[in-house]
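2 protein chains.
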Amino acid sequence: MTTDRLIYLPLGGAGEIGMNAYVYGYGPAGKERLILVDLGVAFPDMDTTPGVDLIFADITWLKENRDRLEAVFITHAHEDHVGAVGHLFERLGAPIIYARAFTANIARGKLAEYGLGDHVVTTASAWPETIKAGPFRVGFLPMSHSIPESSALVIDTPAGRIIHSGDFKLDETPIVGEPFDEALWREVSKDGVRALICDSTNVFSPNPGRSESEVEPEVEKLVASCDTGIFVATTFASNIARVKSLAVAGDKAGRSVCLLGRAMRRMIEAGQETGILSGFPKVISIEDAREIPRENLMMIVTGSQGERRAAAAQLARGKHHGITLGEGDTFLFSSKTIPGNEKSVISIINNFSQMGVDVIDDTAGRYHVSGHANRPDLARLQDIVNPQIVIPMHGEHRHLREHAKMSMEKGRMSFVAVNGMMLELTGNAPKVAEYIETGRTYLDGSIQIGALDGIVRDRIRMALNGHVTVTAVIDEDDEALGDPWCDVMGLPETGRSGVTLVDVLEQDLSQFLGRADAKTMRDDDKLEEALRRVVRNSAQGEIGKKPEVTVVISRLA
Amino acid sequence: MTTDRLIYLPLGGAGEIGMNAYVYGYGPAGKERLILVDLGVAFPDMDTTPGVDLIFADITWLKENRDRLEAVFITHAHEDHVGAVGHLFERLGAPIIYARAFTANIARGKLAEYGLGDHVVTTASAWPETIKAGPFRVGFLPMSHSIPESSALVIDTPAGRIIHSGDFKLDETPIVGEPFDEALWREVSKDGVRALICDSTNVFSPNPGRSESEVEPEVEKLVASCDTGIFVATTFASNIARVKSLAVAGDKAGRSVCLLGRAMRRMIEAGQETGILSGFPKVISIEDAREIPRENLMMIVTGSQGERRAAAAQLARGKHHGITLGEGDTFLFSSKTIPGNEKSVISIINNFSQMGVDVIDDTAGRYHVSGHANRPDLARLQDIVNPQIVIPMHGEHRHLREHAKMSMEKGRMSFVAVNGMMLELTGNAPKVAEYIETGRTYLDGSIQIGALDGIVRDRIRMALNGHVTVTAVIDEDDEALGDPWCDVMGLPETGRSGVTLVDVLEQDLSQFLGRADAKTMRDDDKLEEALRRVVRNSAQGEIGKKPEVTVVISRLA
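As they're listed, the protein sequences go chains A and B. Numbering of the first sequence is given in the UniProt record's numbering, commencing with residue 1 and proceeding in unit increments. Numbering of the second sequence is given in the UniProt record's numbering, commencing with residue 1 and proceeding in unit increments.
Since the hints were derived computationally from the structure, they do not count as laboratory data. Fair warning: there could be bad hints in the mix.
[As the list claims (entries may be wrong)] Taking lysine to any residue and the SDA-like style, the derived pairs with C-alpha atoms no more than 25 Å apart in a straight line are:
no.: 1; chain 1: A; residue 1: Lys405; chain 2: B; residue 2: Arg294
no.: 2; chain 1: A; residue 1: Lys132; chain 2: A; residue 2: Arg33
no.: 3; chain 1: A; residue 1: Lys405; chain 2: B; residue 2: Gly328
no.: 4; chain 1: B; residue 1: Lys410; chain 2: A; residue 2: Asp358
no.: 5; chain 1: A; residue 1: Lys132; chain 2: A; residue 2: Gln388
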């Protein structure tokens with residue numbers, strides 16, 4: 001009688017789009033040998049994470065169990081799958097990392113920022129080759145997506161075969177990288193698949209996905225039709241196929257192609273270094289670009305999501321690398337706007353509008369296709385793989401729930417497992433084995449902090465309420481020496497009474513100190529709390545706001 | 001020879017969707033008699049205006065010229081047209097305000113918050129009645145929109161007739177309020193219209209707009225099909241027609257209707273008080289709602305944009321007014337998500353997903369129609385009115401530019417006039433008469449502050465960088481008395497060195513003070529700047545962030 005079990009534990013990605021991190025384990029309960037699939041980032045926003053640089057899944061549990069970790073497998077080179085590798089590598093005890101050539105190339109760049117050498121990432125070949133990792137045997141099964149060499153993982157375990165889809169779409173003509181090969185997938189699945197752990201991001205998109213190759217002729221038509229001024233296009237830097245389509249369209253229209261933005265050049269470079277990208281038109285430098293007639297220039301730039309420091313936003317603010325856009329120029333968003341980025345993107349469009357630049361976005365759906373499988377594609381993959389269980393992953397709760405519903409309507413077992421929910425997949429049906437404490441870790445400047453540490457909460461409060469510093473000097477007899485004083489930051493200078501806010505606060509503080517009892521005056525905590533309360537109430541009356549308060553009490557010894 | 005001229009000056013709304021405020025003037029240059037059309041608000045966001053309560057157009061110019069202001073006309077009761085009336089009334093010298101009955105009802109509510117009586121707003125009748133205001137004669141021409149009694153203004157001037165469209169759609173079956181009456185509009189326009197100043201918000205929507213009445217049967221079908229649990233729907237509170245459609249659908253399906261949210265009850269009340277709303281089903285109180293079987297209850301709630309304090313968000317967080325949603329319940333967004341609100345709305349949907357509530361949004365376009373004229377509707381109105389000039393208003397720059405382009409393609413004169421650009425409409429073609437300084441005023445707590453005062457900028461900086469308070473006591477000999485100390489807010493407790501951040505900062509400050517020259521120690525400004533620099537550099541090394549710093553120097557006299 002064996003007590004070995006197969007477990008699945010999402011640490012990130014099952015509850016959001018981003019910061020993917022999924023653990024599989026096999027062995028006796030609590031002693032399973034583990035592998036980790038993907039280790040990505042999510043991106044901060046001003047609403048909930050001001051000042052934060054990146055967001056990772058909280059890997060505390062994995063760190064505590066790192067002696068059981070056999071290896072890390074990276075499915076593809078998008079930031080939300082590979083972005084945290086460099087930051088968390090040491091905490092995971094420097095595990096072996098496997099990825100295919102293009103992904104490895106990008107991952108090595110990230111590790112180099114932490115002074116880690118190329119050897120840290122092992123380049124894996126595609127299926128049918130496999131890699132042994134403890135009780136697992138893992139193969140990289142080629143799959144189409146919006147970045148080259150994206151792969152599903154075929155994870156063979158003593159309890160059966162698991163397929164972890166990674167991010168994918170069913171694209172038989174992806175321009176760059178391997179097409180979806182239905183025959184190969186049928187072959188891999190024919191002896192039975194215990195569970196399909198599957199991308200859920202586009203489960204609400206009702207129509208079959210469109211191929212990357214459908215964009216090419218549309219873009220060519222568009223570029224050919226613009227005969228004045230510079231043609232600028234932006235897209236996701238990692239979508240090498242799209243960058244190529246855009247470049248080819250420019251080339252065919254007799255325009256020289258210039259790539260602007262570090263991330264984009266890095267991706268094209270990686271594509272060329274690993275031999276997956278060929279036929280890319282010759283590119284010119286920005287210096288050369290400045291010298292040629294505008295109507296002979298095509299620029300492909302970063303910043304499709306309105307990122308402040310990327311090329312698109314810079315061009316929208318004015319001169320950038322010596323180029324100023326204006327009347328007669330065209331700017332194409334060959335991309336969709338990710339929810340949350342609307343305001344930044346719209347602000348760029350309005351800036352261009354003021355400059356006289358014609359902006360074309362993808363409202364009509366001609367110049368962009370998604371990299372993810374839509375609802376009918378998800379159904380089609382299930383039909384091909386025919387798994388016993390479907391576990392939705394990579395999605396917000398609404399996506400996971402809808403994906404599970406859809407799977408059950410198709411007569412399959414399915415289960416919504418969110419971050420921290422450890423599922424046992426060995427029994428008749430998936431069941432929750434344990435709940436693991438998970439959450440988010442913030443990279444804040446150069447320091448990793450916990451999402452619940454209260455640090456970011458304090459910053460949000462200062463942003464909403466402003467800040468007051470109160471300084472009071474207390475003498476040897478526990479009496480105030482002179483008047484207390486205030487410094488304010490982020491608050492109006494004068495309030496309702498017409499007197500400056502600082503004066504009103506100082507007056508109320510003085511008055512309070514003049515009347516405070518000896519017990520309060522002796523006790524730093526009590527006094528601090530009392531002074532804070534005076535400031536907050538006084539400010540509420542004057543300006544209708546209760547600021548955050550730092551109280552500094554200096555006692556003369 | 002007369003030097004009288006007709007001017008148009010947008011102060012808000014011509015560069016954004018929101019805070020509408022348009023001035024018209026007639027008379028000798030610089031002495032024109034003025035009217036103001038609309039006085040609305042825009043809404044703050046965490047990215048650019050954290051802690052701000054409301055945003056108004058900067059009316060400094062109008063305040064300086066308030067002796068020339070004859071009257072204010074409010075086209076309709078949406079917040080972005082009427083929301084600032086109470087806040088700015090006194091600064092404008094308590095002008096006469098005209099509005100139609102429903103709008104006046106809402107406006108009076110806003111003025112009451114400032115202790116202003118009902119008489120401040122004069123109820124106007126619809127066209128053909130007109131109001132004399134200095135050199136102008138103004139009539140309220142009924143127009144359909146997503147709120148009752150929306151009106152265009154017919155502004156007769158010595159230089160010809162102007163039509164200011166207000167917000168509108170061309171709806172011949174709007175359920176509540178007056179339908180668009182093409183014959184009436186032709187009649188009003190037949191003797192020639194000098195300029196049409198026209199809503200631009202939907203200029204990028206390519207298909208003709210749909211009638212409010214198209215939503216009704218879809219909603220009825222949907223509500224009838226849900227036979228378990230509570231049916232909850234949210235929409236814009238001011239869209240009384242929609243609220244009625246939803247309520248009728250609930251009533252027909254045998255559900256009692258309960259309205260949740262102050263704004264929604266207020267709007268329905270105003271509709272009933274002014275006699276424009278009839279046939280609204282009987283509503284029950286939330287107390288009664290709790291007592292009836294779930295499948296007999298329909299709730300219509302505020303918060304379609306994910307507003308934190310509105311009913312939808314409260315229900316998504318758990319028990320609200322004794323009601324907890326769960327499996328079997330349905331939640332309908334009969335609304336679109338305004339750009340910028342996506343994350344809040346999605347967060348509500350995910351919460352409901354976790355609770356097991358089925359959420360239906362308007363992805364398919366069945367349960368919501370827009371209140372604004374789409375591109376073909378804008379063209380149709382131009383054909384009906386046949387104005388000499390089209391001035392696009394109410395839109396971001398991209399909307400105004402596209403609307404002007406479209407008008408010129410139809411062979412009309414058109415001109416993009418943004419906030420602060422005073423146009424003269426008397427000559428052969430519109431021309432810029434003057435640029436007026438404009439901008440935004442923030443309501444921050446109870447105080448109005450300027451967008452460029454730096455107050456909100458400081459708050460944003462604290463949110464991004466955190467805050468450090470440095471206190472140093474300097475004795476009579478200009479030497480440091482004891483060590484300086486630090487208090488931090490919104491920063492990690494420990495940095496790279498593993499020592500607490502405060503200790504590192506204090507040590508570096510001590511070291512600096514120990515070595516500082518006498519000149520620095522004597523000069524408060526110099527010393528403050530130097531201490532700030534020490535903190536910022538030291539923090540950059542420790543935590544990779546340069547915080548905002550308040551330096552408090554106590555000198556013992």
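Checked hints:
For the suggested pair Lys405 (chain A) and Arg294 (chain B), the alpha carbons sit about 23 Å apart, so the restraint of at most 25 Å is met. Straight-line distance between C-alpha atoms of Lys132 (chain A) and Arg33 (chain A) comes to about 12 Å, which keeps the hinted pair within the 25 Å bound. With a CA separation close to 14 Å, the supplied pair Lys405 (chain A) and Gly328 (chain B) stays within the 25 Å bound. Taken as a hint, the Lys410 (chain B) and Asp358 (chain A) pair is honoured in the structure, with Cα atoms around 19 Å apart against an allowance of 25 Å.
Taken as a hint, the Lys132 (chain A) and Gln388 (chain A) pair is honoured in the structure, with Cα atoms around 24 Å apart against an allowance of 25 Å.
Against the hints set out earlier in the document, no violation occurs for any number.
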